[in-house]
Amino acid sequence: MRYSGFRILKEALTGHKGWGHAWRDPEPQTSYDYIIIGGGGHGLATAYYLAKEFKQARIAVLEKGYLGGGNVGRNTTIIRSNYLLDGNEPFYEFSMKLWEGLEQDFNYNAMVSQRGIINLIHTDAARDAATRRGNAMIMNGADAELLNRDQVRVMYPFLNFDNARFPIKGALMQRRGGTVRHDAVAWGYARGADSHGVDLIQNCEVTGMRIENGKILGVETSRGFIGAKKVGVAVAGSSSKVMAHAGMRLPMESHVLQAFVSEGLKPLIDGVMTFGAGHFYVSQSDKGGLVFGGDIDGYNSYAQRGNLPVVEDVIEGGMALMPMIGRARLLRTWGGIMDMSMDGSPIIDKTHVDGLYFNGGWCYGGFKATPASGWCFAHLLAKDEPHVTAKAYRFDRFLKGLMIDEKGQGAQPNLH
Amino acid sequence: MSQSNRIAGGLIDRSQTLRFQFDGLPYTGHPGDTLASALLANGVRLMGRSFKYHRPRGPISAGSEEPNALVELRSGARQEPNTRATVAELFDGLTAQSQNRWPSLKFDALAINDRFNSFLTAGFYYKTFMWPASFWEKVYEPIIRRAAGLGSLTRLEDPDTYDKGFLHCDILIIGAGPAGLSAALTAGRSGARVILADEDFRMGGRLNAETFELGDQAGAAWADAAVGELASLPNVRLMARTTVVGAFDHGIYGAVERVSDHLLEPAAGKPRQTFWRIYTQRAILTGGATERPIAFENNDRPGIMLAGSLRAYANRWGVAVGDRTAIFTNNDDGLRTALDLQAKGVDVVAVIDSREGGALLPGIRHLRGAEVIDSAGRLGLSSITVRQANGATEVIKANALGVSGGWNPNVNITSHHRSRPIWRDDIAAFVPGTGEIANLSVAGAAAGTLSTHGALVTGDASARAALESLGLTAKAASLPKAEDAPVRITPMWYVKGANRAWIDPQNDVTVKDIKLAHQENFTSVEHLKRYTTLGMATDQGKTGNVLGLAVMAGLTGKTIPDTGTTIYRPPYTPVALGTLGGRGRGQEFKPFRLTPSHKWALEQGAVFVEVGYWLRTQWLPKAGETEWRQSVDREVLATRKSVGICDVTTLGKIDIQGTDAGAFLDKVYANTFSSLGVGKCRYGLMLREDGMVFDDGTTARMGQNEYVMTTTTANAVTVFRHLEFCRQVLWPDMDVQLISTTEAWAQFSVAGPNARKLLQKVVDQDISDAAFPYMGAGNITVGGLRARLFRISFSGELAYEIAVPTRYGDAMIRKLMEAGAEYDAVVYGTEALGVMRIEKGHVAGNELNGTSTALNMGLGKMVSRKKDSIGMLLSQREGMTRDDGLRLVGVKPVNPTAELKAGSHFLKTGAVARAENDDGWITSLVYSPHLGHYIALGYLKNGAQRIGEKMRAVNLLAGTDTEIEIVSPHFIDPEGERLRA
Amino acid sequence: MIIHHPILGPRDAQEFVYLGDASLIGRPDGLTASIEEFHNYTYLRDNPAGAHRELWYHEQGDRSWLVVTRNTVTHEILQVELARDVARAEGRSK
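Chains as they are written, first to last, in numbering that gives the first Met the number 0: chain A, 0 to 415; chain B, 0 to 980; chain C, 0 to 93.
So here's chain A without its partners, still in its complex pose (with noise of 0.2 Å):
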């Protein structure tokens, strides 16, 4: 069934009595040409791209609680291509072209909503630092402007200019980033891939693999085994517990990030901004809360919940930046799990057994990845050679000094 603005006014005369199930939920086969394992953002959206631009059937992906529960439903909804490096660049580029034409593609209204992305500048430092990240933009194909101080002023006339402990001088912006309704970006991926012909099997925990002579055979579940030619995994936050099947260890740490959102607020901030003398970012959704975060509790966890210190560091950043803001009121705080990798980087990578690929470390910058990263793994799995955007996402990077360190810190997964 086609969506659109003409459907809803039929449905809506007719009693709403001719919608459908957005997905079905079959049974899973004894077997598929390619599983891919996580219901999530990344997974939904390589099983639809597989499917649909990769033109590859017998697909399913097994999600273990509902599609959609992992990190797509629990960020805060930014996106953005505003990389340093050459690595990543061109990769979350190439992630912002396809949000830019994904609604059309896919026929779900994700509102992606480019209303600019801007990160505040407070030392001259920062400031040369941004020129030279907003310069790798440009040449990226990207867009990035510098602002001054009166430009971040007329834009955010709230903002702390006058009694700042760390003044702000500027900021730089990208027209093109923004936010996207992240529930939607999981079920918009889940109908088309269904649409599709992909298997969308939800309740279905992968909890082993079955190998044989290095080669992969199937997953074993708690749905039963099921065979495969290629399984793809894609499980933000559980990477280490799935490739754990496969005998690996990576190279990762799971870490608690936390988030937050106020009460509905009247319209206030347009954009997305962050803080850059604090830990802290915000945006205003669309429905009028204040999404924001900050950094990650810092210890490893699996538990999708934090801790008090870090809730307190977040809005004391807020309130650092935005004094307006103290009589709003925070209404809900969750956590996600994130694959902090050693770099600060993703993989997209074959591994040491065929037929199984793999695809995470996201940190916490999965969600403006969704697009891309499903197109790459898809492209890694259907062709078994990288896509040309994700060609340093490689395992062995770490063994040759190739890392990909936009923050410069170095081994230490809590410091990405």
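Think of the hints as simulated: they come from the structure by calculation, not from any bench. Just so we're clear, the structure is a prediction, and the values are computed from it rather than from any experiment. Ideal placement from N, C-alpha and C gives every residue a C-beta, glycine not left out. Worth double-checking, as some hints may not be accurate.
Stated by the list, open to error - Output of the computed footprint for chain A on chain C, the stretches with three or more beta carbons under 8 Å from beta carbons of chain A:
1. 11–21
2. 31–38
3. 45–51
What the hints assert, rightly or not - Listed below are the simulated BS3-like cross-link pairs for lysine-lysine, each with C-alpha atoms no more than 27 Å apart in a straight line:
4. B:Lys514 - A:Lys63
5. B:Lys557 - A:Lys63
6. A:Lys168 - B:Lys589
7. B:Lys860 - A:Lys406
8. B:Lys940 - A:Lys406
9. A:Lys390 - B:Lys907
10. C:Lys93 - B:Lys860
11. B:Lys640 - B:Lys756
12. A:Lys390 - B:Lys940
13. B:Lys940 - B:Lys907
14. B:Lys495 - A:Lys16
15. B:Lys51 - B:Lys495
16. B:Lys589 - A:Lys406
Starting from the structure of chain A, add chains B and C where the hints point.
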């Protein structure tokens, strides 16, 4: 205006009258009122509008679960959006405005949305607004965003202050109803350190809203007496107006105390609110229960409320919401409301009881097996339509309807660690799951024990168990007699056939939306929530979540527990961001660290710059200088010509002592220090284990087993942490001790051709070149005072760093300036420091970016491969040792008057500005007054082989493209003759 | 969180700085190890969902490095030791 709906009784102080305004109209109330109770007393039912359809909204509750009666409280910079009128304590002079309506609450233009409700179903926006593609951002979304939100912020800075505090106790009791008071009495009497916290301004919980007795006292009187006894116990802290908002790890709870919200404005020096972190050995949740509605067609009109809150308004606040009141119930508690209201003289026109059979209430029209199937009334309820057991329908005039669908235990906090509540059929409700939060127990209604007797007994028992586990002995308790009515409920969630029957009245989620979600296979409870926005409103589903789940269960044919449950997230109720921010605002966001010369510099009119938490002198303008460059150029030229002084105290200083100190330094530095002679300094390069440069600085050997390390300002803390790791964890048996002395020594750089002459006037020892050669170090004295002297240079000039104990730092800068007067000594700030280090080609923060190797910096030879040191091996990986990799180079514009910008990228002449042609970038850039043009450092691919090459520095952000020449990074005195002078 | 410091008793975790897996104690010798061995030490982690031995530094305290055994699912702390003792027990010296 008179309080037309005020009736006798209640816990309000009628001897005082409080004046307040709502939407500009004046009203009166009494101490003890909430804004909602006072408005209802004045006959005002309409207090807000719903989010999506802008339907008229009045309160449905008398507590913090309220989804409807949200107002903007106060005015000006203190205006706060979305305040629940049901918990806003009335004070004299209170002002409030309705919100999310235009132009007025009674006539709201966007109520037109309600007419289009058949288009605006759950998730309709996912299916449309896609064509043309550009219209979403340009047309549709701006319209949606303009309509978004409920209340508004003024954009003015919050004028109030907020505090944070820490409390410790043995037992934290959350909620001061009968169970909480019972637990607190048992725990308090036994001597345990107890905190009893309650969100209400009056402790007692439901006891304040009921008419039944405990022992021979009214419930509220018993509560008062209990609170009185607890207040007399020194080991008990009573915290009214305090909401425990979250359970965190290891017995830490967050709580918000509303210190001044019941006042016109906070008393001088008092915060508006305080955020407490409470550390407790044991916690007991006695948070009570929340009534839930039954969904029926048009069940959302002002005047339709939860039955228990109608009862509370009558009993606690002396308010009859309507003069013709009906009750719709599926359980016995609804009957209790009818009886209480009748006893208060309220006209109860009918009790519509969905259950069949059983005894009839005396003296009340009690319709068994009946349902309310519709309601009417434009801005408030005027009548209900009832379908009787025999199928006959009847319109009954009523302006208040109390609805009781049963009570949900307040399990919220028990699921803060993500444990799922479990279903109990006998009370048709979820009760707390077990065991997830260590040392938390649950008692009373929160645990599903819904009678008063049960609350007292389980509260006492929980306290006993907690005391016993802490090794304390509980004294015998004498619990008063109290009602012990069983829960008699026949679950009935929504009236069959209902469509526009509200589940979440704030977000306008109706039964119809849940049906649609089911139809489209959004049947998982999480999909239901996300697709319909059920439970996302400011009440977080306190009244609606279980109801919505039950409707979905009905549609799927599964049981409620098989359908699922949603867990609650912190905070329990929304928390002002100001409270969580505390005092960390404005200039107090982070602490200031001031250098020893700060006071002197301030007197001189220095311009300061933030360097981490430090404030350093950036430059020091002289009279007549209007542009910063004038000051900086002068400072540089004066230093290179004669002598300049700079406070370098911010550099990290670490004393390293022990017989293995030299061996230890050989491990942590890439180069060797064990061979350094006593009385000598050496530049040290420190790597991370991944082979990237971590930090640099000079380290001096002050004695056989004694070194002094300096670090960069930025890494002072992290280097020290790293050294402790190496010392304690990697080489635990090395005889080496560390102490940070960054704050212990005031250190000044004295640089320039006259540096020695100046210093010689100050220090007691001979510091001639022969006595104190280049890279010398030693303990000296300044007027008899112990001091340290290092002959090191960052500027390329003859230079020293002299350190005195910090308390003499201010005296030292004054003495140096006095001694330097005859040489026209200047103080130079961080800008001039930067100019001189770049003129000399020294790397600093912009080059030490965490992704650079020693090889990149042209310092590859410093990494000794004869010994094992941190980072040595991994710095040899193939990707980091490429001959054509990035190298540090100097840059100058071909045209000396051309400007450059740091962050510009290097491109070959004629190359298109695309990533594949990117050859590197400018890391640091300054104007060199010495050379008369801009100079820069940068990382350039294969840079060492490209000295002399002409290329371009391109800054696409500014649209500049400047011809440059690649040169050696050593712009001045490359042979180092000056610093050895 | 609260960490029961073996010397100082219960301390708020906010006083500490977290490093990561206690396997970082077992640093190979750079002169004898291969790059691959050193890579495994520096970059690869078990990252278990469950008991995890990890390094915490009491920065706002006595500067002890501790090995904390903590459940990464529940955050329950099972054991706290001085990292120096653990390192010595694992055979590290100088």
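- Indices of hints not satisfied (ascending): Violated: none.
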